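S.K.: Read off the chains here:
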Amino acid sequence: MSKRNTWFVTAIITVIALTLNFATPIGAQSVPGVTPTQILLGGTHPYSGPAAGYATIGKCALAYFSYVNDQGGVNGRKIVYEDKDDGYNPPQALQLVRQQVEQDHVFAIFDSLGTGPNMVLRPYLNDNKVPQLYVATGATQFGADYAKYPWTIGWQANYHDEAAIFGKYLLKNAPNAKIGVLYQNDDFGQDLLGSLKSTLGAKAGQIVKEASYEVTDPDVTSPIASPKASGADTVFIFATPKAAIQAMVTIAKMGWKPQVYLTSVSASQAFMHAATGAGTSAATEGVISANYLKDASDPTFANDKGIMLYNSILAKYPQAGVNPIDANCVYGMGVAFTMVDTLKMAGKSLTRDGVMHAANNLNELDNPFVYPGVKVTTTPTDRFPIREEVLIKYTATGAWKPISALITNRY
Amino acid sequence: MVRWLGIAAFAVVIAALPRLVPQFVAFELTYAAAYAIAIVGLVILIGRTGQISLGHGAFVAVGGYTLAILVTHGVPYGLGIVAAALIAGLLGVALGGIALRLAGVYLALATFALANSVAPVLKRFGSLTGGAQGLSIPSHSETELYYLTWGVAALLFALAYFGLRSRVGLALRALRDSEIAAVSFGVNPVFYKTLAFGWSSAYAGVAGALLALATAYVSPDVYSVALSLNLLVGAVIGGLQLLWGALLGGLVIQFFPLWSQAISPALAAVVYGIALILIMMFMPGGIAGALGRRMSFIRRGHE
Numbered sequence: 514m515s516k517r518n519t520w521f522v523t524a525i526i527t528v529i530a531l532t533l534n535f536a537t538p539i540g541a542q543s544v545p546g547v548t549p550t551q552i553l554l555g556g557t558h559p560y561s562g563p564a565a566g567y568a569t570i571g572k573c574a575l576a577y578f579s580y581v582n583d584q585g586g587v588n589g590r591k592i593v594y595e596d597k598d599d600g601y602n603p604p605q606a607l608q609l610v611r612q613q614v615e616q617d618h619v620f621a622i623f624d625s626l627g628t629g630p631n632m633v634l635r636p637y638l639n640d641n642k643v644p645q646l647y648v649a650t651g652a653t654q655f656g657a658d659y660a661k662y663p664w665t666i667g668w669q670a671n672y673h674d675e676a677a678i679f680g681k682y683l684l685k686n687a688p689n690a691k692i693g694v695l696y697q698n699d700d701f702g703q704d705l706l707g708s709l710k711s712t713l714g715a716k717a718g719q720i721v722k723e724a725s726y727e728v729t730d731p732d733v734t735s736p737i738a739s740p741k742a743s744g745a746d747t748v749f750i751f752a753t754p755k756a757a758i759q760a761m762v763t764i765a766k767m768g769w770k771p772q773v774y775l776t777s778v779s780a781s782q783a784f785m786h787a788a789t790g791a792g793t794s795a796a797t798e799g800v801i802s803a804n805y806l807k808d809a810s811d812p813t814f815a816n817d818k819g820i821m822l823y824n825s826i827l828a829k830y831p832q833a834g835v836n837p838i839d840a841n842c843v844y845g846m847g848v849a850f851t852m853v854d855t856l857k858m859a860g861k862s863l864t865r866d867g868v869m870h871a872a873n874n875l876n877e878l879d880n881p882f883v884y885p886g887v888k889v890t891t892t893p894t895d896r897f898p899i900r901e902e903v904l905i906k907y908t909a910t911g912a913w914k915p916i917s918a919l920i921t922n923r924y
Numbered sequence: 016m017v018r019w020l021g022i023a024a025f026a027v028v029i030a031a032l033p034r035l036v037p038q039f040v041a042f043e044l045t046y047a048a049a050y051a052i053a054i055v056g057l058v059i060l061i062g063r064t065g066q067i068s069l070g071h072g073a074f075v076a077v078g079g080y081t082l083a084i085l086v087t088h089g090v091p092y093g094l095g096i097v098a099a100a101l102i103a104g105l106l107g108v109a110l111g112g113i114a115l116r117l118a119g120v121y122l123a124l125a126t127f128a129l130a131n132s133v134a135p136v137l138k139r140f141g142s143l144t145g146g147a148q149g150l151s152i153p154s155h156s157e158t159e160l161y162y163l164t165w166g167v168a169a170l171l172f173a174l175a176y177f178g179l180r181s182r183v184g185l186a187l188r189a190l191r192d193s194e195i196a197a198v199s200f201g202v203n204p205v206f207y208k209t210l211a212f213g214w215s216s217a218y219a220g221v222a223g224a225l226l227a228l229a230t231a232y233v234s235p236d237v238y239s240v241a242l243s244l245n246l247l248v249g250a251v252i253g254g255l256q257l258l259w260g261a262l263l264g265g266l267v268i269q270f271f272p273l274w275s276q277a278i279s280p281a282l283a284a285v286v287y288g289i290a291l292i293l294i295m296m297f298m299p300g301g302i303a304g305a306l307g308r309r310m311s312f313i314r315r316g317h318e
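Residue numbers (my numbering), protein chains in the order written: chain Z, 514 to 924; chain L, 16 to 318.
Don't read these hints as lab results, they were simulated from the structure. Keep in mind it's a predicted model, so treat the numbers as computed, not measured. A portion of the hints provided could be inaccurate.
If the Cβ cut is set under 10 Å, some of the chain L residues that face chain Z in the computed set are [as the list claims (entries may be wrong)]: (1) 87; (2) 89; (3) 93; (4) 135; (5) 148; (6) 149; (7) 226; (8) 233; (9) 236.
Short derived list, chain L residues pointing at chain Z, Cβ under 10 Å [claimed, not checked]: (10) 37; (11) 141; (12) 147; (13) 169; (14) 173; (15) 181; (16) 183; (17) 184; (18) 193; (19) 229; (20) 230; (21) 272; (22) 273; (23) 282; (24) 283.
If you want the footprint, here are the derived chain Z segments under chain L, 3+ residues with CB under 8 Å [as the list claims (entries may be wrong)]: (25) 810-823; (26) 845-851.
Glycine included, every Cβ here is placed at the ideal spot set by N, Cα and C.
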């Protein structure tokens, strides 16, 4: 008897659920998300789950938009940034972005994070001609595939360029190095390794050992020992933070002293402190990495206008759980600056075509959050905004010091 | 009679919805139906057979990747779905063999380990699975996928409904309530427990195939441990004992995380968690259990 009406109830609940789910659609607009007083942007970051640390990028971008809005906005319009938690899950990102596009009528999607989520968003957004601006991933394809996906563009220095920059430096400064590589066995690690090899060209034979690990491996002590056995005197660590820290500590514990090159992905002060704490300063001293952002923890930038602006924005628009020395926060403000710049360039009568045109013709020489001298530029056939990095070396006192001029991989 | 009218009315509503709601809502309902299929598998396994599984997401992954690999090699997706059911079902039978030797918390741990192993295994066979990058699948018409998913769901619900009422269902229930009593009545525990795992996993495989079609993409990130736990949450919240609880469970795990974003992205997970705690506090038998009890209570009041 208890089941008699249950199907009816199910039907009713479904209908209620649906009615609750969609708000009344806004009346027809000529350009979605743009009114005389505001610009609505959508996007997703992982606010929960294992990658939640990256949510800092979204929070700090939001802080920068708040600052711009209080200065009068862009061409009289305030930026409203609707950021959502995708938990780093591609289907969740797709559903949230579809709501933003079809229900909330956002103008564009800004800074969605992660290779997987952006892979899923890309065909949908391009089919619907919605700009997918400045995706937060260094995977090369987001800048390279513009013929197929003209509505998509990245921002950060991509993995391919970073390894090429390392390779150029090595060829000039240590042409006889015997090289070992520890790389994460996925698109990130393979992208870096492949680019290092092609940059070394004829000298790629000096790579005496390539050791891989899986991102889920509990430790990398075994793979990092194999380059030593092969006689390497130089080690590239193309690893995400946890494995990179372990690798540096293990190298120090073995009493081995190779020249270590570390991908910028794992070079934040927070991780360097962890490696120094777990090993000794021997684990981190002399490590070479690359950077395209200003380091908020570096005292030489204490009186830098960009970092002063950065600190004043964080003080005025505090974001929960954000550590001011976190490089991800500098990233968030830097990419938000480029977004604002793009909207300004696109002009008063904003269209989606116009904003893509602006994004593909960037000539930003004054981004206060990127490393001094780094130019954020694009052309319709070069859609990688940041292609320059400076090489930096970690000192015994725990600071990153530049050791080269800017090295570019722009041809 | 009333029940069949109810089902018919529900079917009409589902059939008409794509014309009534915005396209993205129909898209979200496609996911809800696919989740419901996976959860029916858990109702069969946990609710009716009494075997715990924290690794259901692994079979969803098997289904998703089976479909993705076949479709990218030119196989029609209908065959892909059937293959997903078969392969996931066979792997479920294999897991059933292990499960016979484990009970309670040990089985839970073993299945949890299975859920954890998905991503590394997928990356190890990168040439087949696309590694961490995943595989993109050609996209299909959304309306087509909506009707396909709900149609398959209807079919599989009916199969589960009649299956659970048959001798098989009775045997499973007997095993759950008392294995010793069931065996003394001639129920073969090895056969039926293995069958339950295979049946449940085949459902997960079909769900995985349909989800992969909807997203048009599979990658290890899609099948994290969280997926297995979320499916279990859906099964418990919906109501483990009642088949139509799976439908509610599918709707809950599809829509609650989206709605909980309304307040703040940083609080979304917290809001979702609180909602789940409240449901379990006030409806320990799941939503379906609570509604069923409420209705029989009302009716008794009238009688």
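S.K.: Are the hints correct? Go through all of them and say.
M.R.: So, going through the hints one by one against the coordinates:
1. This hint is violated: residue 87 of chain L has a C-beta 14 Å from the nearest C-beta of chain Z, more than the 10 Å allowed.
2. A least Cβ separation of about 19 Å between residue 89 of chain L and chain Z goes past the 10 Å threshold, and the interface hint is therefore violated.
3. A hinted interface residue such as residue 93 of chain L counts as satisfied when its beta carbon comes closer than 10 Å to some beta carbon of chain Z; here the least separation is about 22 Å, so the hint is violated.
4. Annotation: residue 135 of chain L was flagged as interfacial toward chain Z, and the flag holds, the nearest CB pair being 5 Å apart, inside 10 Å.
5. Taking 10 Å as the C-beta cut-off, the interface hint given for residue 148 of chain L holds, the closest approach to chain Z being about 5 Å.
6. Annotation: interface hint on residue 149 of chain L holds; nearest CB of chain Z at approximately 6 Å, less than 10 Å.
7. Taking 10 Å as the C-beta cut-off, the interface hint given for residue 226 of chain L holds, the closest approach to chain Z being about 7 Å.
8. Proximity of residue 233 of chain L to chain Z holds as hinted, the smallest CB-CB distance being about 9 Å (cut-off 10 Å).
9. Proximity of residue 236 of chain L to chain Z holds as hinted, the smallest CB-CB distance being about 4 Å (cut-off 10 Å).
10. Satisfaction of the interface hint for residue 37 of chain L is found here, the shortest Cβ-Cβ separation to chain Z being roughly 6 Å, below the 10 Å cut-off.
11. Taking 10 Å as the C-beta cut-off, the interface hint given for residue 141 of chain L holds, the closest approach to chain Z being about 8 Å.
12. For residue 147 of chain L, the interface hint holds, since its Cβ comes within 10 Å of a Cβ in chain Z; the closest pair sits about 3 Å apart.
13. Taking 10 Å as the C-beta cut-off, the interface hint given for residue 169 of chain L is violated, the closest approach to chain Z being about 12 Å.
14. The closest approach between the C-beta of residue 173 of chain L and any C-beta of chain Z is roughly 13 Å, which is over the 10 Å cut-off, so the hint fails.
15. Using the Cβ-Cβ criterion of 10 Å, the hint placing residue 181 of chain L at the interface with chain Z is not satisfied: the shortest such distance is roughly 18 Å.
16. Interface restraint check for residue 183 of chain L: the shortest CB-CB distance to chain Z comes to about 20 Å, outside 10 Å, so the restraint is violated.
17. For the restraint placing residue 184 of chain L at the interface with chain Z, the shortest Cβ-Cβ distance is roughly 15 Å, beyond the 10 Å limit, so the hint is violated.
18. Taking 10 Å as the C-beta contact cut-off toward chain Z, the hint placing residue 193 of chain L at the interface is violated, the least distance being around 24 Å.
19. The criterion of a C-beta within 10 Å of any C-beta in chain Z is met by residue 229 of chain L, whose closest approach is roughly 8 Å, and the hint holds.
20. With its C-beta approaching chain Z no nearer than about 5 Å, residue 230 of chain L sits inside the 10 Å limit, and its interface hint holds.
21. The interface hint given for residue 272 of chain L holds, since its Cβ lies 7 Å from the closest Cβ of chain Z, which is under the 10 Å cut-off.
22. The restraint placing residue 273 of chain L at the interface with chain Z holds, with a minimum CB-CB distance near 6 Å, inside the 10 Å limit.
23. Proximity of residue 282 of chain L to chain Z holds as hinted, the smallest CB-CB distance being about 8 Å (cut-off 10 Å).
24. The beta carbon of residue 283 of chain L comes within 4 Å of a beta carbon in chain Z, closer than 10 Å, and the hint placing it at the interface holds.
25. For the region 810-823 of chain Z, the assignment as covered by chain L is violated, since 0 residues bring a beta-carbon within under 8 Å of that chain's beta-carbons and 3 are needed.
26. For a cut-off of 8 Å, the count of residues in the region 845-851 of chain Z with a CB near a CB of chain L stands at 0, and the three-residue condition is violated.
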